[in-house]
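Protein chains in written order, with the UniProt record's numbering: chain A, 1 to 408; chain B, 1 to 400.
One or more of the hints may lead you astray.
[Stated by the list, open to error] Restraint-style ranges between C-beta atoms, simulated for each label pair:
{"#": "1", "chain 1": "A", "residue 1": "64", "chain 2": "B", "residue 2": "125", "range": "40 to 46 Å"}
{"#": "2", "chain 1": "B", "residue 1": "25", "chain 2": "A", "residue 2": "310", "range": "37 to 43 Å"}
{"#": "3", "chain 1": "B", "residue 1": "226", "chain 2": "A", "residue 2": "329", "range": "32 to 38 Å"}
{"#": "4", "chain 1": "A", "residue 1": "306", "chain 2": "B", "residue 2": "58", "range": "26 to 32 Å"}
{"#": "5", "chain 1": "A", "residue 1": "71", "chain 2": "B", "residue 2": "54", "range": "36 to 42 Å"}
{"#": "6", "chain 1": "A", "residue 1": "71", "chain 2": "B", "residue 2": "10", "range": "29 to 35 Å"}
{"#": "7", "chain 1": "B", "residue 1": "240", "chain 2": "A", "residue 2": "337", "range": "28 to 34 Å"}
{"#": "8", "chain 1": "B", "residue 1": "226", "chain 2": "A", "residue 2": "190", "range": "30 to 36 Å"}
{"#": "9", "chain 1": "A", "residue 1": "36", "chain 2": "B", "residue 2": "290", "range": "40 to 46 Å"}
Derived from the structure by calculation, the hints contain no laboratory data.
In this text, a Cβ means the ideal position worked out from N, Cα and C, and glycines have one as well.
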Amino acid sequence: MNERAGTGAPHGGLAAGGEDRLVYMDNSSTTRPAPEVVEAMRKVLEEDFGNPSSLHRLGTASSRIVRNARKSVASLIGADETEIVFTSGGTEANNWAIFGTLRSLGDRSTHIVTSTVEHPSIMATVEYLRDSGYDVTLVPVDGEGFVDPEKVLKSVRKDTALVSIMLVQNEIGTVEPCREIGRLLSSLGPRRPRFHVDAVQGFGRLDIDVKKWGIDLLSMSAHKIHGPKGVGALYVRRGLRMGPLIFGGGQEAGLRSGTENVPGIAGMGAACEMWGKDRVEVLGRLAVLRKKLIEGVREAWPEAVLHGPESANVAPYIVHFSFPGFRGESILHALEKRGVFVSTGSACSSHKAKPSPIILALGRSEEEALSAIRFSMSRYTTEEEVAITVEALKESLKELLPWRESRR
Amino acid sequence: MSTETRKTPERHIYLDHSATTPVRPEVLAAMLPYFGDKFGNASSVHRWGREARMAVEEAREKVASLIKADPREIIFTSGGTESDNLALRGVAWAYRSRGNHIITSAIEHHAVLHTCESLEKEGFRVTYLPCDRYGMIDPEEVKRAITKDTILISIMHGQNEVGTIEPIGEIGKLAKEHGIIFHSDAVQSAGKVPIDVNAMNVDLLTVSSHKIYGPKGVGALYVRKGTRLVPQATGGAHERGMRAGTENVPGIVGFGEACRLAEKELPEESKRLSALRDRLIRGILDKIPDSILNGHPTERLPHNVNVSIKYVEGESMLLNLDLLGVGASSGSACTSGSLEPSHVLLAMGVPHEVAHGSLRMTLGKSNTEADIDYVLEVLPPIVERLREMSVFGRGQKSKS
Numbered sequence: 001m002n003e004r005a006g007t008g009a010p011h012g013g014l015a016a017g018g019e020d021r022l023v024y025m026d027n028s029s030t031t032r033p034a035p036e037v038v039e040a041m042r043k044v045l046e047e048d049f050g051n052p053s054s055l056h057r058l059g060t061a062s063s064r065i066v067r068n069a070r071k072s073v074a075s076l077i078g079a080d081e082t083e084i085v086f087t088s089g090g091t092e093a094n095n096w097a098i099f100g101t102l103r104s105l106g107d108r109s110t111h112i113v114t115s116t117v118e119h120p121s122i123m124a125t126v127e128y129l130r131d132s133g134y135d136v137t138l139v140p141v142d143g144e145g146f147v148d149p150e151k152v153l154k155s156v157r158k159d160t161a162l163v164s165i166m167l168v169q170n171e172i173g174t175v176e177p178c179r180e181i182g183r184l185l186s187s188l189g190p191r192r193p194r195f196h197v198d199a200v201q202g203f204g205r206l207d208i209d210v211k212k213w214g215i216d217l218l219s220m221s222a223h224k225i226h227g228p229k230g231v232g233a234l235y236v237r238r239g240l241r242m243g244p245l246i247f248g249g250g251q252e253a254g255l256r257s258g259t260e261n262v263p264g265i266a267g268m269g270a271a272c273e274m275w276g277k278d279r280v281e282v283l284g285r286l287a288v289l290r291k292k293l294i295e296g297v298r299e300a301w302p303e304a305v306l307h308g309p310e311s312a313n314v315a316p317y318i319v320h321f322s323f324p325g326f327r328g329e330s331i332l333h334a335l336e337k338r339g340v341f342v343s344t345g346s347a348c349s350s351h352k353a354k355p356s357p358i359i360l361a362l363g364r365s366e367e368e369a370l371s372a373i374r375f376s377m378s379r380y381t382t383e384e385e386v387a388i389t390v391e392a393l394k395e396s397l398k399e400l401l402p403w404r405e406s407r408r
Numbered sequence: 001m002s003t004e005t006r007k008t009p010e011r012h013i014y015l016d017h018s019a020t021t022p023v024r025p026e027v028l029a030a031m032l033p034y035f036g037d038k039f040g041n042a043s044s045v046h047r048w049g050r051e052a053r054m055a056v057e058e059a060r061e062k063v064a065s066l067i068k069a070d071p072r073e074i075i076f077t078s079g080g081t082e083s084d085n086l087a088l089r090g091v092a093w094a095y096r097s098r099g100n101h102i103i104t105s106a107i108e109h110h111a112v113l114h115t116c117e118s119l120e121k122e123g124f125r126v127t128y129l130p131c132d133r134y135g136m137i138d139p140e141e142v143k144r145a146i147t148k149d150t151i152l153i154s155i156m157h158g159q160n161e162v163g164t165i166e167p168i169g170e171i172g173k174l175a176k177e178h179g180i181i182f183h184s185d186a187v188q189s190a191g192k193v194p195i196d197v198n199a200m201n202v203d204l205l206t207v208s209s210h211k212i213y214g215p216k217g218v219g220a221l222y223v224r225k226g227t228r229l230v231p232q233a234t235g236g237a238h239e240r241g242m243r244a245g246t247e248n249v250p251g252i253v254g255f256g257e258a259c260r261l262a263e264k265e266l267p268e269e270s271k272r273l274s275a276l277r278d279r280l281i282r283g284i285l286d287k288i289p290d291s292i293l294n295g296h297p298t299e300r301l302p303h304n305v306n307v308s309i310k311y312v313e314g315e316s317m318l319l320n321l322d323l324l325g326v327g328a329s330s331g332s333a334c335t336s337g338s339l340e341p342s343h344v345l346l347a348m349g350v351p352h353e354v355a356h357g358s359l360r361m362t363l364g365k366s367n368t369e370a371d372i373d374y375v376l377e378v379l380p381p382i383v384e385r386l387r388e389m390s391v392f393g394r395g396q397k398s399k400s
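Take the sequences, apply the hints, and build the full model.
Laid out in structure tokens, this is it:
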């Protein structure tokens, strides 16, 4: 498959032989590692193979690499480097935020507040906890996917251990009012519950300030921002008591055992540095592309229904539409045939033929949930790729139309 | 031998392969495409996803082959520590209704010991079996420790500090006879000595990538078909629902390739390493008075040398060796920053002061006979000098 030399990637361009180029519009599932990321990792993989816990010079070189990456991660969220704990990814960070909190708080804190649109790594965990006797409140969202901060505040009780709200909804891109929620929770004083933010889909790109926003725990992932898979981090506010999720040799200040994934961590650091330089500029460009994509889709299919906010408080790289009457999966395959790669929802659940619980939580019908397509862009997405996507969508829907008519 | 054989560290001799190993060029080459064009999420339905999925499944076959398992019995994790945690916590909670007793040993890796301690706080009872002076666990002791409440036995295969190979085949047989689940941490032995999970009657086996020239951040847990686990990371339905999280595709591909190469080269390489190991052990015991081999003399990992050198601090030897270009360790890397003597040596009955003078040198692919001879040339003068400076040394002289 070497014809796809440049898909959604920095070294783009038409493929050899004049074939149509492939357009990767599934960047919320995973992104292509940036050249500077690959370079940083390759250097570590080839030269700096030491175990950071070793006392000899290879060990100290590796621990320096880890420390530099920690600084780069911290600087993107307004944290101190000592507050960053590396994990194997966003799912581990989310699991740990919840289990670690419950393990450190004792028996009187048995209530968890979260929303109806969280990622499966939060949902599955709170469902497991509910089965184990914990009490869970799921705060509903409005038609655009917004959680109401007042409702969150009202759900808090004396026995609430944790409030966990995501920053960016991974399917529809809604940016939740985490800043406001943090402010309201802070007003409860020292006995307030902990505030965890799953920032996997916003980290690196959106403005985050853990101190100003009153956040205690924040989950991050590298592979959504052109870093490597297999590495992420949890911000743990200084002074917060946390039980470990993984026990062992006591790495990461005793909070996360296991030999550090040094190349992965170096890659995450490089990705953070890259975003730190041009975040605002990239987001501005993406906002323009998002508007173009939305207009293009509506032009291609006027009955298409946009999910999530139109323009304000939305991640400028996620566009989510339903095409009532069609099956999302059929559109996906028709687009793939034309070299455009999208998803029907989140990658984690894309093999299930069930309607997305996120779309249902917006108050939409099952029909709309089953006909959904998520387009997700990256810093490397071009205007031309957006145009190709719209064109491919037009053709795909035209091809599927007879099937749609016959089904009705 | 002259005491003034100090050299500038132009040589770089890495003797800490039990801490971690360099990534082999073949492994890196296998990984690189998955950082580039083949960057897909293995759960995506489109071709990027399918391509990543295929790569993960191919790697799973290679890992399975190394330990003679079925690929469907392999779960990828972020490394050995996570695998140990998943095995112990996963089984303990899945079989809680059957009993609450766990048998392990005092010389396990901290990933097992600290997980067991956390389980004790949650109401489980754990027996920590002693070992003999060679670091060997007696299967008879295991048998005596079994009660009707025993749900899990966890005994490591190759001891990470002293290199003793535990009789896990016999322990596995016992566990099977009693219907108890048996887990073994094989992080140090996989790829170094042959492993057959069926012949050894192991139900769960921990393997790590970065100890066998694969990348850090990836490992696996073998889970025998029919063994239940409560997942420790919940979320998407990755790894048959036992371990959520987007698969670390390049890492997994590298791990698979490392396993394939390890399996292919194992017979030759273990012979070669054993010979180097014995040369180093013999040399140290011959040239350095009051030095003792830790661990079993024959039932031993082919790459492990662990000696105690009396009247010297292990840390001082390490720093001096490092100045001469030799990277070694005083015990396991995870605890090498701490000043506590090794829990393994203490469990073997090695006195505190002798445990403090321990030196672990673990061999690997890059090491040659010339490396061994270099160490044998520089180590004795280091020891001599340190003994002259130390209070222990003076005590020793006045005694002799």
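Hint check results:
1. A:64 with B:125: 40 to 46 Å: This hint holds: roughly 43 Å between Cβ atoms.
2. B:25 with A:310: 37 to 43 Å: 51 Å Cβ-Cβ, so the 37 to 43 Å window is violated.
3. B:226 with A:329: 32 to 38 Å: Since residue 226 of chain B and residue 329 of chain A have Cβ atoms about 34 Å apart, the given range 32 to 38 Å holds.
4. A:306 with B:58: 26 to 32 Å: Once the Cβ atoms are compared, 40 Å apart, the range 26 to 32 Å for residue 58 of chain B and residue 306 of chain A is violated.
5. A:71 with B:54: 36 to 42 Å: holds, 38 Å
6. A:71 with B:10: 29 to 35 Å: Since the Cβ atoms of residue 71 of chain A and residue 10 of chain B sit about 33 Å apart, the hinted range of 29 to 35 Å holds.
7. B:240 with A:337: 28 to 34 Å: Check passed, 31 Å falls within 28 to 34 Å.
8. B:226 with A:190: 30 to 36 Å: violated, 50 Å
9. A:36 with B:290: 40 to 46 Å: Taking Cβ atoms as reference, residue 36 of chain A and residue 290 of chain B lie about 53 Å apart, which means the hint is violated.
Hint violations for this structure: numbers 2, 4, 8, 9, all remaining hints satisfied.
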